[in-house]
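Peer 1: Chains as they are written, first to last, in the working numbering: chain A, 3 to 254; chain B, 52 to 352.
These are computed hints drawn from the structure, not numbers from a lab.
Hints may be right or wrong, so weigh each one.
[Stated by the list, open to error] Computed Cβ-Cβ distance ranges for the label pairs, DEER-style: (1) Val79(B) to Asp242(A): 55 to 61 Å; (2) Leu338(B) to Thr19(A): 28 to 34 Å; (3) Arg94(A) to Leu89(B): 36 to 42 Å; (4) Glu227(B) to Pro60(A): 17 to 23 Å; (5) His20(A) to Phe176(B): 35 to 41 Å.
[To be verified] Covered by chain A, according to a simulated footprint, are these stretches of chain B (three or more residues, beta-carbon under 8 Å): (6) 225-237; (7) 247-258.
Built from N, CA and C at the ideal position, the CB exists for glycine as well.
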Amino acid sequence: MGVGIQVEHLNAWYGSTHTLQDINLHIPANHATALIGPSGCGKSTFVRCLNRMHETNPIARAEGVVKMGDIDVYKDASPVEIRRRVGMVFQRPNPFPTMSIYDNVVSGLKLNGFRNRRVLDETVERSLRQAALWEEVKDDLKKKSGASLSGGQQQRMCIARALAVDPEVLLMDEPASALDPVSTSKIEDLIFQLKSQYTIVIVTHNMQQAARVAENTGFFLNGKLVEFDSTHKIFTNPRDKRTEDYITGRFG
Amino acid sequence: MSTLPQMNSPLRPPLKPARANTLRRSLVNHLVTGLSILATVLVVAPLIAILVYLLYKGASSLNLAFFTHIPAPVAEPGGGMANSIVGSGIILLLASSMGIPVGIAAGVYLSEFGGGRFLAHAIRFTADVLNGVPSIVMGISIYSLIVMQQKHFSALAGGVALGIMMIPTVTRSTEEMLATVPHAVREAALGLGVPKWRTAISVTLRTASPGIITGCMLAFARVAGETAPLLFTAFGNQFWSFKLSEPIAALPLQIYVYAISPYDEWHRLAWAGSLVLIVMIMVSVTLVRVYASRGVLKGGN
Numbered sequence: 003m004g005v006g007i008q009v010e011h012l013n014a015w016y017g018s019t020h021t022l023q024d025i026n027l028h029i030p031a032n033h034a035t036a037l038i039g040p041s042g043c044g045k046s047t048f049v050r051c052l053n054r055m056h057e058t059n060p061i062a063r064a065e066g067v068v069k070m071g072d073i074d075v076y077k078d079a080s081p082v083e084i085r086r087r088v089g090m091v092f093q094r095p096n097p098f099p100t101m102s103i104y105d106n107v108v109s110g111l112k113l114n115g116f117r118n119r120r121v122l123d124e125t126v127e128r129s130l131r132q133a134a135l136w137e138e139v140k141d142d143l144k145k146k147s148g149a150s151l152s153g154g155q156q157q158r159m160c161i162a163r164a165l166a167v168d169p170e171v172l173l174m175d176e177p178a179s180a181l182d183p184v185s186t187s188k189i190e191d192l193i194f195q196l197k198s199q200y201t202i203v204i205v206t207h208n209m210q211q212a213a214r215v216a217e218n219t220g221f222f223l224n225g226k227l228v229e230f231d232s233t234h235k236i237f238t239n240p241r242d243k244r245t246e247d248y249i250t251g252r253f254g
Numbered sequence: 052m053s054t055l056p057q058m059n060s061p062l063r064p065p066l067k068p069a070r071a072n073t074l075r076r077s078l079v080n081h082l083v084t085g086l087s088i089l090a091t092v093l094v095v096a097p098l099i100a101i102l103v104y105l106l107y108k109g110a111s112s113l114n115l116a117f118f119t120h121i122p123a124p125v126a127e128p129g130g131g132m133a134n135s136i137v138g139s140g141i142i143l144l145l146a147s148s149m150g151i152p153v154g155i156a157a158g159v160y161l162s163e164f165g166g167g168r169f170l171a172h173a174i175r176f177t178a179d180v181l182n183g184v185p186s187i188v189m190g191i192s193i194y195s196l197i198v199m200q201q202k203h204f205s206a207l208a209g210g211v212a213l214g215i216m217m218i219p220t221v222t223r224s225t226e227e228m229l230a231t232v233p234h235a236v237r238e239a240a241l242g243l244g245v246p247k248w249r250t251a252i253s254v255t256l257r258t259a260s261p262g263i264i265t266g267c268m269l270a271f272a273r274v275a276g277e278t279a280p281l282l283f284t285a286f287g288n289q290f291w292s293f294k295l296s297e298p299i300a301a302l303p304l305q306i307y308v309y310a311i312s313p314y315d316e317w318h319r320l321a322w323a324g325s326l327v328l329i330v331m332i333m334v335s336v337t338l339v340r341v342y343a344s345r346g347v348l349k350g351g352n
């Protein structure tokens with residue numbers, strides 16, 4: 003089951019650039035939350051702060067409180083532990099090129115020393131079914147390289163890989179921006195099904211996509227969270243003038 | 052091509068008649084292709100010439116005894132280089148077991164952990180300088196460091212000399228190959244909660260492994276034919292020796308000894324030895340590459 007995320011006074015820097023400025027919001031459990039905003043507004047940085055991927059960049063730094071359930075992400079746990087509980091799907095599909103489909107999906111388990119054959123087999127089937135890829139690849143699991151799949155299949159495999167470690171939260175950084183419309187709609191269907199079991203945070207440039215999949219939407223601009231509300235409210239009756247300008251296409 | 056809109060702008064003159072363009076492009080295309088083929092031939096020709104000449108000079112002296120007998124005493128006919136072939140194998144095994152792990156580990160450090168640290172710059176600089184150290188200097192250094200201390204020549208000293216010579220090549224090629232692994236692959240592993248050291252070894256290194264193996268084989272092939280560093284270390288041996296603490300025979304050394312001797316019989320054996328040496332290098336490099344590429348799945352794109 004997913005957990006809620008409470009973010010308080012989160013600030014982040016790249017070198018001397020203050021990319022996130024005092025972000026406060028609550029992401030509810032088992033819902034999909036969309037983050038929208040123009041390029042460079044800090045939404046990707048924000049999700050990368052949630053699983054502490056931000057700090058893998060040597061010049062990056064973050065301050066503030068991120069609570070996942072009752073765990074303080076920056077105080078109570080190591081980045082490695084947090085990333086095991088928070089799955090991440092990146093903008094471009096990033097399969098492990100030397101691994102088969104099977105090994106790609108269970109890489110999170112295998113690389114952390116988990117070797118029970120039966121459990122691995124079950125996990126592969128469960129995760130690939132959750133990612134709606136099982137039927138397409140079940141005959142080539144160990145024969146084909148993960149990188150030999152099509153772009154859309156690769157991205158669903160990456161989602162399966164993230165789900166295989168049984169996370170509580172799933173972060174998706176523009177997961178469909180490199181895909182064609184058919185693959186995009188498959189990914190959106192997936193998000194729709196997965197959000198009953200996981201807390202999903204999805205960064206997107208596509209406002210229709212946010213409207214389709216997410217209950218709540220946050221609008222970022224220049225490193226600040228301008229507005230956070232139910233998706234319906236944001237798209238029909240935003241409180242802030244800048245949100246309205248953005249969603250009506252007046253800038254950005 | 053011909054469906055491009057014709058716009059009359061001072062910045063973009065109207066397209067020239069298509070035929071003239073096509074002719075010029077096709078000519079340039081053929082010219083460049085021709086030059087590339089010529090360059091390829093120039094690269095491959097010396098290797099083929101060497102192989103053919105070695106076959107011509109050495110093949111006739113090759114027989115079973117060459118591979119089973121040790122060198123015959125002066126003025127006695129026959130004899131072989133069995134002990135040199137085995138000796139070279141032992142020295143190269145020693146050198147590889149020291150040079151390759153150290154070289155790869157240093158390459159991983161430079162690429163994955165060094166960042167812009169002073170230590171990384173120092174290692175990179177040292178490796179480049181080490182790469183330029185003449186092999187005879189390496190021989191003398193190991194002579195004073197190991198042989199003088201132990202007061203005798205040894206297979207171990209030869210292995211160390213060649214092993215150190217392998218390190219810079221392995222290190223730099225490992226670093227280069229790791230740098231070609233996309234950052235997204237590392238992020239994928241880190242995002243799954245895989246620790247950084249595990250990511251470096253099981254994901255990044257594995258993804259780059261075909262290139263790294265090529266680098267190791269280059270280093271191996273380079274030192275396999277080295278004579279100078281062995282003159283003061285392994286020293287050579289006319290008899291069988293399997294002890295690491297004793298002087299040991301090696302193909303390049305035996306070739307050197309025979310080639311500068313006054314006897315025609317020995318000259319012929321030197322040619323045969325050269326042929327065996329180059330074929331052994333080619334076979335071992337090919338075997339390793341074929342073996343190492345098995346089990347590694349290739350991406351479709």
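Peer 1: What hint numbers does the structure not satisfy?
Peer 2: Number 2 - this is the single hint that the structure violates.
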